[in-house]
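Chain B: place on chain A using the hints.
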Amino acid sequence: MKKQLKQGLMLVSTALLLSACASDSEKMAMNIPSYGGVADLKVKNVCNVENMGVKSVLASATKYNVLAIQNDLEFMRLGMRNSQYISAINAALKSGDTNITILNKKKKKTGSVSLEYATWRACAFAISSLQQAQEAKTTWRLAVPGDGYKY
Amino acid sequence: MLLNIVKTTTLLVLSTCILHAGNFNAQAEKDRLALIDYFEAKFDDPLKNRNTFFPYSTDEELKNAFVTGLKHQDFAKGNYAFNKDGKAQYEEIKEMPPYEDDIDEGEALYNKTFSNGKSFASCFPNTQIAGDYPKYVQEEQKVLTLGIAINNCLLKNKEKKWKMSKGKMAKLQAFFAYESMEANKDVAIQINSKEAAAAYERGKEYYYTQRGYLKLSCASCHIQGAGQRVRNEKLSQLLGQTTHFPVYRLKWNGLGTLERRMVGCIKDEGQVPPSAESKYMKELLYFMAYMSNGMKIDGPDIRK
Numbered sequence: 001m002k003k004q005l006k007q008g009l010m011l012v013s014t015a016l017l018l019s020a021c022a023s024d025s026e027k028m029a030m031n032i033p034s035y036g037g038v039a040d041l042k043v044k045n046v047c048n049v050e051n052m053g054v055k056s057v058l059a060s061a062t063k064y065n066v067l068a069i070q071n072d073l074e075f076m077r078l079g080m081r082n083s084q085y086i087s088a089i090n091a092a093l094k095s096g097d098t099n100i101t102i103l104n105k106k107k108k109k110t111g112s113v114s115l116e117y118a119t120w121r122a123c124a125f126a127i128s129s130l131q132q133a134q135e136a137k138t139t140w141r142l143a144v145p146g147d148g149y150k151y
Numbered sequence: 001m002l003l004n005i006v007k008t009t010t011l012l013v014l015s016t017c018i019l020h021a022g023n024f025n026a027q028a029e030k031d032r033l034a035l036i037d038y039f040e041a042k043f044d045d046p047l048k049n050r051n052t053f054f055p056y057s058t059d060e061e062l063k064n065a066f067v068t069g070l071k072h073q074d075f076a077k078g079n080y081a082f083n084k085d086g087k088a089q090y091e092e093i094k095e096m097p098p099y100e101d102d103i104d105e106g107e108a109l110y111n112k113t114f115s116n117g118k119s120f121a122s123c124f125p126n127t128q129i130a131g132d133y134p135k136y137v138q139e140e141q142k143v144l145t146l147g148i149a150i151n152n153c154l155l156k157n158k159e160k161k162w163k164m165s166k167g168k169m170a171k172l173q174a175f176f177a178y179e180s181m182e183a184n185k186d187v188a189i190q191i192n193s194k195e196a197a198a199a200y201e202r203g204k205e206y207y208y209t210q211r212g213y214l215k216l217s218c219a220s221c222h223i224q225g226a227g228q229r230v231r232n233e234k235l236s237q238l239l240g241q242t243t244h245f246p247v248y249r250l251k252w253n254g255l256g257t258l259e260r261r262m263v264g265c266i267k268d269e270g271q272v273p274p275s276a277e278s279k280y281m282k283e284l285l286y287f288m289a290y291m292s293n294g295m296k297i298d299g300p301d302i303r304k
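Protein chains in written order, with our numbering: chain A, 1 to 151; chain B, 1 to 304.
So that you can see chain B by itself, here it is in the shape it has in the complex:
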């Protein structure tokens, strides 16, 4: 009898652990699906849903300036998904994308040999990886972004590391993004452990926490504020925000990484931003990228 009890209990313990082990992304999935529901509801018909989502917009704006009936994958285009005027200008610029040379330079950097005779191919044999980062590295108990992985590769091969925000870093990432887009890859962020889930949660908390002297959170503009106008620009939505980086920003007159954009956003909130290699930044990007899971990679791209 006792043997039977022991057997049953062991079986139960094992199955509970296995079930739980495969479920580390349960909360993240719940968040992601709730976010999709929110944005699909918000941009289904802005005029009809004015009281809920756009109380300060004019009828004319809601009627004429928005694309309606948007579904999940449409949001991969950032605010050009719903912004009629912005999309028209975007499509004109896309006829001769200013970042094409950057992709070529990124490819040249990928193939260039280091002083030890190796190249980036020794660290990244697969170039269609833009949707796989950031990832949680269990052995090191930390989030690894693509930028840091690139710098780790340089250091491993006795080369100097690059700046995380622009220049060579952005160009090589543009090449990876382009290769991933051409291969029709999706954002595919994994949460495979309790520690990874905790890192995701910290990133989420950072995103939703009000900060800076303006007391704004990222969500103030890119969830509740998405679609609303700041001066003459419409704020983009969190959903799909990481699919198209690095971007060629007209304001920068060049290509920049997601870290560069986030540093700018946090400064705009009125707080000294965390560094691109800090735990805060890595976990923030981990959360943001997870929210775009399942969406097509669409980078590099253009933004104002």
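Chain A extracted, bound-state conformation:
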């Protein structure tokens, strides 16, 4: 009886200790942020300039890019941050320009795209950056040798 009690106590304390001392990194890794419910959005629909109109798509781009910036996920392309695309679209809407200029990091013009295309891109970039980050929370281990990556 004494022996059983002793063994029981040992087992319980070991289990408690191991669980208390264990790293919480896996729990953190599986903590998937919602990013404003972005998972349910369909980029092809929300960012469709023809159907939704430039202003509505731009509003989505602005809304989700703020979240992307807050979470250090903002996309950039050809030296321009997505927020720069959004600023350029806003400026073009005010001035009536139909194109926006692509500038590199030295602010030198490297090309131009239509206002509609830039708006689509800004919206798609903003939403995709968040959806991709959500997806990665469950997929990143698939690339780790010795973990999810098999060869």
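No wet-lab data here; the hints were simulated from the structure. One or more of the hints may lead you astray.
As the list claims (entries may be wrong) - Dumping the calculated DSS-like pairs for lysine-lysine here, alpha-carbon to alpha-carbon at most 27 angstroms:
id, chain 1, residue 1, chain 2, residue 2
1, A, Lys-106, B, Lys-161
2, B, Lys-30, A, Lys-109
3, B, Lys-185, B, Lys-135
4, B, Lys-215, A, Lys-44
5, B, Lys-135, A, Lys-106
6, B, Lys-118, B, Lys-163
7, A, Lys-107, B, Lys-296
8, B, Lys-267, A, Lys-137
9, B, Lys-135, A, Lys-150
10, B, Lys-135, A, Lys-105
11, B, Lys-63, A, Lys-150
12, A, Lys-108, B, Lys-166
13, A, Lys-55, A, Lys-44
14, B, Lys-84, B, Lys-296
15, A, Lys-44, A, Lys-106
16, A, Lys-107, B, Lys-267
17, B, Lys-84, B, Lys-48
18, A, Lys-106, B, Lys-112
19, A, Lys-109, B, Lys-267
20, A, Lys-107, B, Lys-118
21, A, Lys-108, B, Lys-267
22, B, Lys-166, A, Lys-107
23, B, Lys-30, A, Lys-137
Said to hold, decoys possible - With the C-beta cut set under 7 angstroms, the calculated list includes, among others, these residues of chain A facing chain B:
id, residue
24, Tyr-35
25, Val-113
26, Tyr-117
27, Ala-136
28, Ala-143
29, Tyr-151
Using N, Cα and C, we set each Cβ at its ideal position, and we do this for glycine too.
Positioned in the frame of chain A, the structure of chain B alone reads:
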């Protein structure tokens, strides 16, 4: 009887905690050894292992362009470990390394006195420290990179801090790297606490997470993609990637720190990079450096 139970339980509690306390790097060690196995298998014989590792390369390339039979320490040279053409060009440049003056300037910076009469020696009495950073500072609960330690020293002595990417920062780090290499030092990153292990895990997650509009992770190029060709260059492997920084990059026409290189890589993925002093960057470098543990310091060096 009760006393005996209490005694046994206390002993068990203590020994479990002690065993666990010495084991904070268990997962990191497992990752590191798995990475070594992966790269040794990948570069053992690229032609023979084409289907597994190099499905898009030509027979000619796999037969003639790769050094075979590589082992752990060989990878300290980055992609010049396996890249025959690249290594030949590298060795030619190394005959007159363009960074020699930078090491001298780094040494002069180390010895230069601050306005208060002290110098960097007051913060870094030992100069063979390149393999010891990044380190986790338990009291501050954060990762400390060599660049930030240098800037902390400047601020502590009422000096202005330096840019993290190039210039004086890279030169002083080149001096530390050279001193460490001459002393035959290894990369020796420590994970001594639960918090440090968590920082390592976050850095690992950052490395393996797909990001940017190209949806690439660091691993896409430097693990699964290592050895594959992008235009005319072969991608380097994670193993040994931190041993040789700062590097003189021909593209930069000068010396740059590891942070500078990482900023460039993340931009290439299509994402706005984190700043050199951000938590993301520090933990990323912590993970990367741990993967090179046990490898010889080989910096500063040259890269294209």
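Hint check against the structure, violated hint numbers in rising order: 2, 5, 7, 9, 10, 15, 18, 20, 24, 25 and 26
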